[in-house]
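There are 6 protein chains.
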Amino acid sequence: MPYINIRLAGSLSQEQKRQIAKEFTDTLERIAHKSKSYTYITFDELPRENWAVGGELLGGDK
Amino acid sequence: MPYINIRLAGSLSQEQKRQIAKEFTDTLERIAHKSKSYTYITFDELPRENWAVGGELLGGDK
Amino acid sequence: MPYINIRLAGSLSQEQKRQIAKEFTDTLERIAHKSKSYTYITFDELPRENWAVGGELLGGDK
Amino acid sequence: MPYINIRLAGSLSQEQKRQIAKEFTDTLERIAHKSKSYTYITFDELPRENWAVGGELLGGDK
Amino acid sequence: MPYINIRLAGSLSQEQKRQIAKEFTDTLERIAHKSKSYTYITFDELPRENWAVGGELLGGDK
Amino acid sequence: MPYINIRLAGSLSQEQKRQIAKEFTDTLERIAHKSKSYTYITFDELPRENWAVGGELLGGDK
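Protein sequence lines correspond, in order, to chains A, B, C, D, E and F.
So the first sequence is numbered by UniProt numbering: it starts at 1 and just counts up by one.
So the second sequence is numbered by UniProt numbering: it starts at 1 and just counts up by one.
So the third sequence is numbered by UniProt numbering: it starts at 1 and just counts up by one.
So the fourth sequence is numbered by UniProt numbering: it starts at 1 and just counts up by one.
So the fifth sequence is numbered by UniProt numbering: it starts at 1 and just counts up by one.
So the sixth sequence is numbered by UniProt numbering: it starts at 1 and just counts up by one.
You may find that some hints are simply not true.
Any copy will do: because identical chains look the same in the list, a pair fits if it lies in one copy or spans two.
Lysine to any residue pairs mimicking SDA-like chemistry, simulated, CA-CA at most 20 angstroms apart [unchecked claim]: (1) Lys-22 x Glu-56; (2) Lys-36 x Glu-23; (3) Lys-22 x Pro-47.
Simulated from the structure, these hints should not be mistaken for laboratory data.
This one's a predicted model, so the numbers in the text were calculated from it and none came from an experiment.
Chain A on its own, in the form it takes in the complex:
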């Protein structure tokens, strides 16, 4: 542990994921004293039409 799950609509480049994983892991080590090697991070990139805010899907058919 820890286990971090990042969910977002749309997709990230591999370079963005690499950078986010690195920074989140560093933050957890520095602030919460969690050994880097035990930190798991997963990215769930959802289609925009599978995410709703305020009762409306983000993506649509037009």
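Given the coordinates of chain A, assemble chains B, C, D, E and F onto it according to the supplied hints.
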């Protein structure tokens, strides 16, 4: 907040997702007094073979 | 299936949970044609200080 | 990886959790060839009134 | 209930998923006395580049 | 969106949660161009005996 995650096997049409998102958000506002604009809803549409009930995968190879 | 997870900060009364579970299940049956008996709904009621929006915890120490 | 999350209503004894964690980890190693040391398992023990099946909360006020 | 979510990087064969679902369900019935028919298991097979351990993505661009 | 869930065994101080929420949100804005106000972060602090690594619970009865 709130954050609602809906997981199901198979897929929904965009119109079904739109309708579900709208109704769930309305329900939460009416019953739990959560402002609509803060409600996030995500749909995870899993392949049927990635879902098991009673120890058996829903989808199969035939 | 389906499996629905509702996460929110603070708590709901049992009556609110009962009503939300009923309405969500009805909605899924009506819109997505999912048999009621297979729908699972879980509520995760988090302490307000375990939820952040915009980089700020919702609950605080005062 | 892998990461396994077990959610249930009510609680388990520590001995039950210990046994389940051991067996699940063994199964994943044997079937999916995942090294035991990388397998994380978490248990979420929910109050019965936070779990609904078929539109009804499992636990109630009587 | 219970609901079990298995997340891993890469993919499993249908036969592996079938075997894991069967064994996990059997384990829960034997150890935790949960009726098989109520146990749901889902598999999330993530792209390797969507999983980080120790701050590094498992999959890469080469 | 995005929605980030941080799961760990044991607990964090409120100050640690505040700092992690701030840094994660900043990172997502800078790297992924996600508006801060839409980023939700939740912390799940699990009892150590509800987390297993390598088939062994982290916490025990002694």
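Hint by hint, here is what the structure shows:
When the C-alpha separation of Lys-22 and Glu-56 is checked against a cutoff of 20 angstroms, the pair qualifies only between copies, where the shortest distance is 7 angstroms, while the shortest distance within a copy is 33 angstroms. Proximity of Lys-36 and Glu-23 under a CA criterion of 20 angstroms is satisfied in both settings, with 11 angstroms inside one chain copy and 16 angstroms between copies. Within a single copy, Lys-22 and Pro-47 get their C-alpha atoms only as close as 24 angstroms, which misses the 20 angstroms cut-off; across copies the closest is 18 angstroms, which meets it.
Checked against the numbered hints above, the structure breaks none of them.
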